[in-house]
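These protein sequence lines map, in sequence, to chains Z and L. Throughout the first sequence, residue numbering follows this note's numbering, covering 1 to 110 in sequence. Throughout the second sequence, residue numbering follows this note's numbering, covering 1001 to 1114 in sequence.
I should point out that these hints are in silico values taken from the structure, not numbers from a laboratory. Check the hints yourself; a few may be wrong.
[Claimed, not checked] Label pairs and their computed distance ranges (CB to CB): (1) L:Ser1073 / Z:Gly16: 37 to 47 angstroms; (2) L:Val1114 / Z:Pro110: 36 to 46 angstroms; (3) L:Arg1041 / Z:Ala29: 17 to 27 angstroms.
[Stated by the list, open to error] Computed footprint of chain L on chain Z, listed as stretches where at least three residues anywhere in the stretch have a Cβ under 8 angstroms from a Cβ of chain L: (4) 45-57; (5) 95-103.
Using N, Cα and C, we set each Cβ at its ideal position, and we do this for glycine too.
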Amino acid sequence: RKEVEQDPGPFNVPEGATVAFNCTYSNSASQSFFWYRQDCRKEPKLLMSVYSSGNEDGRFTAQLNRASQYISLLIRDSKLSDSATYLCVVKSGGSYIPTFGRGTSLIVHP
Amino acid sequence: DAGVIQSPRHEVTEMGQEVTLRCKPISGHNSLFWYRQTMMRGLELLIYFNNNVPIDDSGMPEDRFSAKMPNASFSTLKIQPSEPRDSAVYFCASSYGGGMDGYTFGSGTRLTVV
Chain Z
1 RKEVEQDPGP FNVPEGATVA FNCTYSNSAS QSFFWYRQDC RKEPKLLMSV
51 YSSGNEDGRF TAQLNRASQY ISLLIRDSKL SDSATYLCVV KSGGSYIPTF
101 GRGTSLIVHP
Chain L
1001 DAGVIQSPRH EVTEMGQEVT LRCKPISGHN SLFWYRQTMM RGLELLIYFN
1051 NNVPIDDSGM PEDRFSAKMP NASFSTLKIQ PSEPRDSAVY FCASSYGGGM
1101 DGYTFGSGTR LTVV
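Produce the complete structure using the sequences and hints provided.
Following this line, the structure appears as structure tokens:
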């Protein structure tokens, strides 16, 4: 089993839709979780950290389920500009090295 | 802060040539990572430095790859000799401490070996 797994997609949704991605991780000692966004031919950029209690930033909500070892990202009211690849990142407490998922591609169409 | 700075942005070279990629991390960040990204393999960690010391180089493909960090503000990744299969985007990223605040990437070097 891969350390961090994501559905590659693409998720093809209309503007205004709500879309959710999941990411599963295999290391139960994982302690830090992030969602990154990567636009085509650009570098990954931090979208948001994922906290144990869940957190929200505008239209974006991130949640952590430790029992089932997955994190999720919910995007409400999708915009054309949300089209990108979303990378899940997991880091264990005893390591400085993050593990990146392969990413989930989102395409928002008019 | 100008962020993580990488150079060159693009590099086209012939097989067998030496290639040197450069990275300037964010000032104050003490962890530096070199990644390679391809469509087939996604983001692969090549090497990780902490306080200028290489901690984990298990991702370095083979002896043709080498990386250095002579000081806190500069790192290089060298490929000698280069091969077509080295064609990829190479990213440098930096973080502070254990990366609790995430990792900042440079804009990458797109390497093409012909």
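Outcome of the hint check:
1. Distance hint check: the CB atoms of Ser1073 (chain L) and Gly16 (chain Z) are about 46 angstroms apart, consistent with the given range 37 to 47 angstroms.
2. About 39 angstroms separates the C-beta atoms of Val1114 (chain L) and Pro110 (chain Z), a value consistent with the hinted range of 36 to 46 angstroms.
3. In this structure the supplied range 17 to 27 angstroms holds for Arg1041 (chain L) paired with Ala29 (chain Z), their Cβ-Cβ distance being about 25 angstroms.
4. Only when three residues or more bring their CB closer than 8 angstroms to a CB of chain L does the claim for the segment 45-57 of chain Z stand; here the count is 3, and the claim holds.
5. Only residues whose C-beta sits within less than 8 angstroms of a C-beta in chain L count toward coverage, and the segment 95-103 of chain Z has 7 of them, enough to reach three; the restraint holds.
Checked against the numbered hints listed earlier, the structure breaks none of them; every hint is satisfied.
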